[in-house]
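Peer 1: These protein sequence lines map, in sequence, to chains A and B.
Those letters in the first sequence? Residues 1 to 158, per this note's numbering, in order.
Those letters in the second sequence? Residues 159 to 657, per this note's numbering, in order.
Keep in mind that the hints were calculated from the coordinates and are not lab data.
All the pointers check out, no bait thrown in.
Okay, derived cross-link-like pairs now, DSS-like style, lysine-lysine, Cα gap no bigger than 25 Å in a straight line: (1) A:Lys39 - B:Lys610; (2) B:Lys610 - A:Lys73; (3) A:Lys111 - B:Lys330; (4) A:Lys59 - B:Lys610; (5) B:Lys610 - A:Lys2; (6) B:Lys512 - A:Lys73; (7) B:Lys512 - A:Lys59; (8) A:Lys26 - B:Lys610; (9) B:Lys306 - B:Lys330; (10) A:Lys39 - B:Lys512; (11) A:Lys141 - B:Lys215.
Residues from chain B shown here face chain A by an in silico Cβ test under 7 Å; the list is partial: (12) Gln515; (13) Glu614; (14) Ile617; (15) Ala619; (16) Asp623.
Bear in mind that the values here come from a model prediction, so they are computed numbers and not experimental data.
Note that the Cβ used here is the ideal one computed from N, Cα and C, for glycine as well.
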Amino acid sequence: MKLTFDNTTIDITPTGKSYRATIGDKTVDVEIIRVENGKLDLLIDGERVSAYVSSDNAKRWVTVNSQTFVLTKSSGAKRSGGKHDHTGELTAPMPGQVRAVNVSEGDAVTKGQTLLVIEAMKMEIRIQSPMDGVVSSLSVKQGQTVEREQVLIEIEES
Amino acid sequence: MFKKILIANRGEIAVRIMRACRELGIKTVAVYSDADKNSQHTQFADEAIHIGDPSPKESYLNADKLIQAALRSEADAIHPGYGFLSESASFAGTVASAQLTFIGPSADSIRAMGDKAESKIAMKKAGVPTVPGYEGLDSGDDFKQAAKEIGYPVLIKASAGGGGKGMRVVEKEADLAEAIQGASREALNSFGDERLLIEKYLADAHHIEFQIFGDQHGHLVHLFERECSVQRRHQKIIEETPSPLLTPQLRKEMGEAAVKAASAVNYFNAGTVEFIFDPQLSTFYFLEMNTRLQVEHPVTELTTGLDLVQWQIRVAAGERFPYSQEQLAQRGHAIECRVYAEDPANRFLPSTGKLLQFIEPRGPGIRVDSGFTAGDEVTHFYDPLLAKLIVHAENRETAIQRMQAALRDFVAHGVITNIDFLQAVLSHSDFHNGDITTRWVETKFNWTPPSKPSFESLIAASLADFTIVNRKSEIANSTEPDPYSPWKTNASASPFGRG
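Using the sequences provided together with the hints, build the complete structure.
Peer 2: Next comes the structure, spelled out in structure tokens:
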């Protein structure tokens, strides 16, 4: 069985008592000692490894050897990567409230200029222009509550 | 002694105060907003009263609702915790006029110290050293002139401020106007007061504070220092005591200055006098006094053996604080790490979400003050502090080792945390040498999380998914009497959560 996390494919084959796992040119023997809520005790090539795994839709939170990784499982379908080349769509980095809007549509802006200020968890986050350009669209008003990833403003490169 | 105390706060500090009440045999009342219906503090209390919308203004900052809740539940005292209304003189006054006891200093002491400008003036008068700067300026031109005189970099601070809010470091004149605008807006939103003060920004300074404690009979002592120089966004993330920098002589001088500062405002109950310490010149300046219990109070508790929250309650009830300065001593070394739901790789922005796993470390000398458990929601309404991890050991070296081991055992899934970041700070040679100044994280520390997931993490994730797919056959082959028991798997079909 093949699984893909963060663009890395892992091939798992049951071999009776244990599993054979292959990533790239590395193959190991993995034995599952114990599975309980969110925790896997493994023997990877004879070495004991405890892993905490949580899943939330395609996301996997994994803690192994005291390091935590957030992995994304791909379902096989290719995601359309690549950012816009000539426009900058700025989104809210976290949920919060728009405290200040310093620009209007059509305004010329410079790289690093503070366009909007969002307040969340009692902290101010300044949304700054990634480039010199013009405000091509402004989607929020002062006082408005915004969700994470919500589009706030678009800048077109000049 | 009080029979019932209302805790006008939430999260870990509310739980911590309730623990002290329980030990003293005092009933507890929690207050909660809509967002905290199922929070730990709401569950931990003997009774819980709903006080409104998640927005702090409608709940934890709403004095009327808090007083009403206290009267309705027949509490005889209110503990404000830290943050929210803990340093509001008017709240302390309102509590008193409702015939309730405010567990903290008098409204007058809070007022005298709460205003950074006023307190600075009072400290100058009392002979406590202060940072060069100006208070009470109005126009942008005045600030410009003052900044020029003091010399850049300067620090703009909210007069009514605290906790890094309404604070800006300004390196050059071109940035002054925007900084003033931003700081006063933040000050207005957080404290309802937009006045600012300006002072010299000491770039390579340490933040060393002294715990003060006094009773209502005029007895006032200090409980030694806390070194709080590891900061990001002007907020502390690691605190320890004793400070690796202080000599016994300096400790004595600073402790005496701290007591002098507190007695200048007739202080009683727990408070903290913060100093900026210049390691090159071995000079110190009064920064501000926090007229409340401090987030990092546990390191003082572990090294002095005193339960500060219990003593807060006891002196508020009129008891005498029985220890003289000579009887107090520091024993061993304690370190606190603040575990935040935030992304150190992305400007420390808060991270929100549901805690899928939350496993706190245990062991000798390890204390965890937390307000969360697995399944809890971390929302954007409040401070993203998940837990405080505190260790106590014989000396600094063993305390650092103990903290490193404890952090390795801390598992939090569902929100991004600063655990790996804290670990990296603790293993840095600058931390070992006590060379960390308040700007170290911003200017000297280049930390990036590993760019690639580890081999083992990929194997674990794959096998977890693989076992979910094959779970049906596992259950069929299981010898357990009731493989579907809801007690086993948190009512979820998969042992790893929502698949």
